Each structure stands twice: as C-alpha cells, then as structure tokens.
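Q: Okay, here's what each chain looks like letter by letter:
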Amino acid sequence: MTPAAPATTPAPPAGLRATARIGAVRDGRGGTALPLLAGEGPLALRRTRDEGAEAGVMLVGAMSAPLGGDHLTVEADAGPGARLAMRSAAATLALPGRGGEPARYDVRLSLAEDAQVRWLPEQLVSVRGSDLRVRTRAELAPTARLMLREEQVLGRTGEAPGTLRARLTVIRGGRPLLDQELSCGPGAPGGWDGPAGIAGHRALGQLLVVDPRFDADPPAARVLGEFAAVTPLAGPAVLVTALAPDALRLRELLDEAARAYGW
Amino acid sequence: MHLDHDVTYPQRHTHSADPHRADGTRRALRIGLGGPVGSGKTATVAALCRALRAELSMAVVTNDIYTREDAEFLLREAVLPPERISAVETGACPHTAIRDDISANLEAVEELEDSVGPLDLILVESGGDNLTATFSRGLVDAQIFVIDVAGGDDIPRKGGPGVTTADLLVVNKTDLAPHVGSDLERMARDAAAQRGELPVAFQSLRGGEGVAPVAAWVRERIAAWVVR
Amino acid sequence: MSLATLLVLADGRFPAGGHAHSGGAEAACKAGRIHDAATLADFCRGRLHTAGVTAAALAAAAALGLDPVELDAAADARTPSPALRAAARRLGRQLMRAARATWPDPGLDALAAAFPRGAHQPVVLGTAARAAGLGALDAAHVAAYESVSGPATATVRLLGLDPFEASGVLARLAPELDGVAAGAAEAALLARTEGPDALPAPSSPLLEIAAQVHADWPVRLFAS
Chain P
1 MTPAAPATTP APPAGLRATA RIGAVRDGRG GTALPLLAGE GPLALRRTRD
51 EGAEAGVMLV GAMSAPLGGD HLTVEADAGP GARLAMRSAA ATLALPGRGG
101 EPARYDVRLS LAEDAQVRWL PEQLVSVRGS DLRVRTRAEL APTARLMLRE
151 EQVLGRTGEA PGTLRARLTV IRGGRPLLDQ ELSCGPGAPG GWDGPAGIAG
201 HRALGQLLVV DPRFDADPPA ARVLGEFAAV TPLAGPAVLV TALAPDALRL
251 RELLDEAARA YGW
Chain X
1 MHLDHDVTYP QRHTHSADPH RADGTRRALR IGLGGPVGSG KTATVAALCR
51 ALRAELSMAV VTNDIYTRED AEFLLREAVL PPERISAVET GACPHTAIRD
101 DISANLEAVE ELEDSVGPLD LILVESGGDN LTATFSRGLV DAQIFVIDVA
151 GGDDIPRKGG PGVTTADLLV VNKTDLAPHV GSDLERMARD AAAQRGELPV
201 AFQSLRGGEG VAPVAAWVRE RIAAWVVR
Chain B
1 MSLATLLVLA DGRFPAGGHA HSGGAEAACK AGRIHDAATL ADFCRGRLHT
51 AGVTAAALAA AAALGLDPVE LDAAADARTP SPALRAAARR LGRQLMRAAR
101 ATWPDPGLDA LAAAFPRGAH QPVVLGTAAR AAGLGALDAA HVAAYESVSG
151 PATATVRLLG LDPFEASGVL ARLAPELDGV AAGAAEAALL ARTEGPDALP
201 APSSPLLEIA AQVHADWPVR LFAS
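Protein chains in written order, with full-length UniProt numbering: chain P, 1 to 263; chain X, 1 to 228; chain B, 1 to 224.
Isolated chain P, as found in the complex (with noise of 0.2 angstroms):
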C-alpha cells in the first residue's frame, strides 16, 4: 500500500463472515438425517456417531476465531421429531482484532413438534483485549426439548478478561421464556465484577433444560451451595446457574445439573 492516499484512512479489514448451516429432519426409519451439514470459513462441521435416533455434531474450530470484527454464525434447524446433538471441539477463544472492533457470534437453534436438541459448546473464553457479543436465540414449538450449555471464562489463567456480552433468549411457542444479558469485562458496565455482579469468579456458566414434561412435574428451586442454584423457570424448563473459580469446576457441576434434568 502507497503511504500516499491523503484525504482518507483505508477502512480496516473487513473482518471474516462465516455461517455454518445444519438442517436435522427425521429419516423415517426411527433416525434422524442431515439433509443440510454446510460449514464455512473457521466454522468446520462434522457428523460424529449417532445415539440411538440421535444424530451428531461436532463443529470444528479450524481456527481460533473470532477475532475483532469476524461475525460468524451458527444455524441449526431441527424439523418435526428430529434428533441432533451439537457439541465443539475445542474451546472458543474470543481474540482481539487489529481495529479494536468487536465481534460477533450468532446462534440461532430452530425446534419443531417434538424435536430434541442438545447444544452443548465447549468453553468460549475472552482473551484480554478482545470484545465479542453472542446473541444466542431458541425458537420452540410447545413440544419441542432443548438441552442448552453455555460456559464462560473469564480470561486464560491468570489474564484480564476482554469484553463479552452474552444475551440468551429462548421463546417456546411464540412466548419468550428465557431472556438475560451478561455484560463482563472492561467494556461493561460499572459493577459487573462486584458484589452484584460476578464477585471475582472467572468462569460461569449455565444449563437450560426445556422439557413439556416439567409442565406435569416442574423440578423444585434448590441451591448448590453458595454461588449456584436450580431455578424452575415460568414454563417448563429449568435454569442452573452457576458462578466458579475456574472452568472444571464449573464443568463438573454442570454436568451433575445435566445428569439431573437433561437426557
């Protein structure tokens, strides 16, 4: 590049666009195909061992994106009594970009009558400097389960977290059923790391459950301990949230929570 250009500064790069497609419908034959398996850029997907009539994701972190200003997405549709569970991997790590520019990681989960879908990332880490928002968003119909994880940590050992914000919404049949907002790190807002924010964990984390049969037997509010509770949400499903030192402790606890409410 000349040093000449005078009037205006170059734009910095555009940052990368990537979207990784899954499409889940039933086969017919008690299993569940993916007539649609398409991953781009640093979203690689691959189909792992069916469970039963459940069929298998792995995405694939063929780099350690996102970095500031990349806007990656996820999209899993599962049709009418389709079964798919996705996982990851390896860890996200969010990067900071060149620009200082933040980044940004969609996921959209659709769910149609009585389809099953677990979601279940590996950690998403934010690395000092960087500056991600994902937008996760479930869309159900009444009859439909969703497993979903969602872990934080705050930093590599011993480093500064970057800024994440992290907003959640599940809608079940049209109505929202979950909707929350975490904002971590330098960028966020005053307090966050404070007695009425995260009291300096470095990791957390959640597991939601939605699952009609909860409408007939919701599972009872309790406390594991001081820094995580089980909270039945209003409709049927389950939330436990959970604050930790460091990303295997959380990990343990969500699993027993899995073990517990999900399948």
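Just so you know, not all the hints are guaranteed correct.
What the hints assert, rightly or not - Within a straight-line C-alpha distance of at most 20 angstroms, the following computed EDC-like cross-link-like pairs (lysine to aspartate or glutamate) qualify: (1) X/158 <-> X/185; (2) X/158 <-> X/197; (3) B/30 <-> P/193; (4) X/158 <-> X/190; (5) X/158 <-> X/141; (6) B/30 <-> P/226.
Worth flagging that the hints you see were computed from the coordinates, not collected in a lab.
As the structure is a computational prediction, the values presented were derived from the model and not from experiment.
Assemble the complex: chain P is given as a structure, and chains X and B must be docked to it using the hints.
A: Okay, now just chains X and B, sitting in the frame of chain P:
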C-alpha cells in the same frame, strides 16, 4: 345530595378499612396486638385462639422481627391449624409494617380470607417494639396494647400512643407483681388518668381468669362488628 | 408531567411494601460481600446496571402503554429465580393497591383484573406512572432509583452503616441513574414498534443465585 358516590370516592374499592371484601361479602374483624418485647403478646394471642377458636373462625398474622419465630411458636403450640397462621417479613422495622406501610399485612389478611375464609376474626400481632408503635386504622379495626408488670409499674404513667390510645390496654403477668415490686393499683390509677374511659384489663395467663376478660372484650367487639 | 407527582410516586414512604425488601442486600451482607460504604456502592452499581436496567425498561414500556400482559411475560423471562419472580409479583400487587387508591384509573383496574395474584412490579409501576400522568422517562427513573435505594436503606438497617454514607452512595450514582433511565426510555420507544423482545435484559447471575439462597433461610429480616 348523595355524597357517598362512586365518582366522589372512586378509591373506595381499595380502601383498606372498608368493611367489605372485593366480592361484596363482609370481611373479618381485624384486631391488632402491639406492645414491648416480652410483654406476652404471642402468649395472649395463643390464649385467645384457644378461648375463641371453637366459636369463631379465626386466623393470625405475625410481624416478627425475625420472620417466623412467633408464627412458629403458635404452630408448635398448635393453637390453630398451620394454614390459619401467616408471617409477614418487616425489613427490620416492625412498626413500619403495621403503621406506615401496611400493604404487606393487608396482603396477608386478604390471602388468609381467600384461602381459609370466611373468617370472623383475624388477630394481627406486631413485632415487639417500643411504646410509640400503634397500628394503622387502615389495617385493624381495634387494637390491644400489651404491657407487663415486670417492665416497670411506671409505664402507664409514661403514656405514649400505645398506652394512651389503644382500644384495650392489657397489663400482663399480674402474678409477678409481688416479685418485681410493681404496684397494680398505681398502674390502674395511672392508666385511668392517661386513658379516660378506655378499658384496661389486668391479666395473668398462669391462673385466675386467664385470658377470659380479654376474650370477653373481643366477643363484644365481634358482636358490634357484625351489626355495624 | 408533574415533578411533584413524580416525587410522590418515588417517595420511599409511598406505602407499596418496598421497605421489607432489601434487593439482595441482606444476602450480600450476610455473605460479607457488602461490609461498608464502598462495597455497598459497588453492589448498587452492579444492581443498577442489571436488574435496574431491566426494571426501568419494563416500567418505561408500561408507561408508554405497551401491552402489560406481554410485558409481564417479558419480565418472567428476565427473572429466572422463582424467589425473585414471587417477590416481584407480591410487590406488584402491593404497589397496585397503593396506586389504585392514589391515582384511580381504568388502566390499573384492567391490569389488576388480568393479574389477581399480582403482575411484575415494574409493569405495575409503569402503569401507575401512566395513571398519574407521568411519562416513560419518569417511570424509568423511579424503577432505576428503587433498584439502588432499597439495598442502601436495607444496609443501613442491617449493618448499622452510617446513613449519611448511604445517601452519599446514592447521590454519587445519580449520573449513572440518569443514564440508565434515558436508555430505558429509548428502549421502550423501540419496543413500541419491535415488541418487548427489543427491551434490554441484563441480569446478574449472582443476584439470582443469592435470592434462592436467601429464600431458603429459616430466619430473615427482609422478604427478599
């Protein structure tokens, strides 16, 4: 001209002292019991429940300093079935909950009427508080102030809103008077000076008539309430 | 709008039940997370930017006249803790009683009829503000202020904290309170065209967890 009209008093349907419930039926008589810590409010409530539960449909709301202690005492003593006893949290300010912001207590009495009603009588017991604590007229129809002889025989002389204005002043634990050197006659004289015509009941729950005089006063109130 | 009317609605002595709720301060004091004016300030700031923002936006939207039934569903979705949902509905019912007596209004009557067990407090607050002739920004200010005044008052009672220090904490938060209220009113305008999904939803995981811990205590001074 008919002044008592919906448009003139549009707030009437939520007026807490209205003798009718939202559905138009007559609500229960509400009697408040206040007084200093340890004067025997909860014991008096328990004794009233035992004396009146056979003839009246009753419930109790407690306003503890700590949420459930008085309610749990009443539950242990089994003076009423548990669904007839409700506890209100007071945010460390029991007098606020019975006087300045009565909304939680009104919720509690209405919930009791909805869940176990119809009721004839609801006793609202305040948390132990000082001599200035009185109930809002928006919460109770009548109030009893309970003091005891061991708290000093000069309390009636000192007065204060509770002693002076309560519909009934109960001087409790009269059996202890000889032991603590309290002069019951002097207390009666001082109370009469402070209260004029308002009644005073001397009570020992450990013998004699027990709670009977207070129960009789409550019965009179109920009789007056029904025809009001 | 009338500034004096706003003062009546925002007055801590308005008899709507708030005095028995600590906004999570009782649990935080017991756990040692609030122990002085500085930690109270940090707590209030955190609550303002999470529960306070959510409440202010809901109140502003209700004051604008958005469908309170939809707003109540949005409030449920924004409140995972059943203890906090119950507290919000109880406070909503108590505020409804006080508001109907103070500013009789068909909008309040309709909301009370739709939610006999109580709607979420911010939804009632916004509807009450509307009944009192106040606007969305006013309702947002009251909700934002309540999100910090409750914990501050409770901490004075719980820790014997110097009340002058507690008032200082609130005064120093004023610019942030104004900012939150303005943002909430803006979000409410957006929600008028895009629906309640457009309202912000910040929440604090620790406030939700601690509310459940607090609800399990056998003995407590505050209802929440």
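Q: Decide, hint by hint, whether the structure agrees.
A: Against the structure, the hints come out as follows:
1. At roughly 16 angstroms between alpha-carbon atoms, residue 158 of chain X and residue 185 of chain X fall within 20 angstroms of each other, so this suggested pair holds.
2. Our distance criterion of 20 angstroms between C-alpha atoms is met by residue 158 of chain X and residue 197 of chain X, whose separation comes to about 18 angstroms.
3. As the CA atoms of residue 30 of chain B and residue 193 of chain P are separated by approximately 18 angstroms, the hinted pair is consistent with the 20 angstroms bound.
4. Restraint check for residue 158 of chain X and residue 190 of chain X: satisfied, since their Cα atoms lie roughly 9 angstroms apart, inside the 20 angstroms limit.
5. Restraint check for residue 158 of chain X and residue 141 of chain X: the C-alpha separation of about 25 angstroms exceeds 20 angstroms, so the hint is violated.
6. Note on residue 30 of chain B and residue 226 of chain P: the hinted pairing holds, with a Cα-Cα distance of about 11 angstroms set against a maximum of 20 angstroms.
Consistency with the previously given hints fails for number 5 only.
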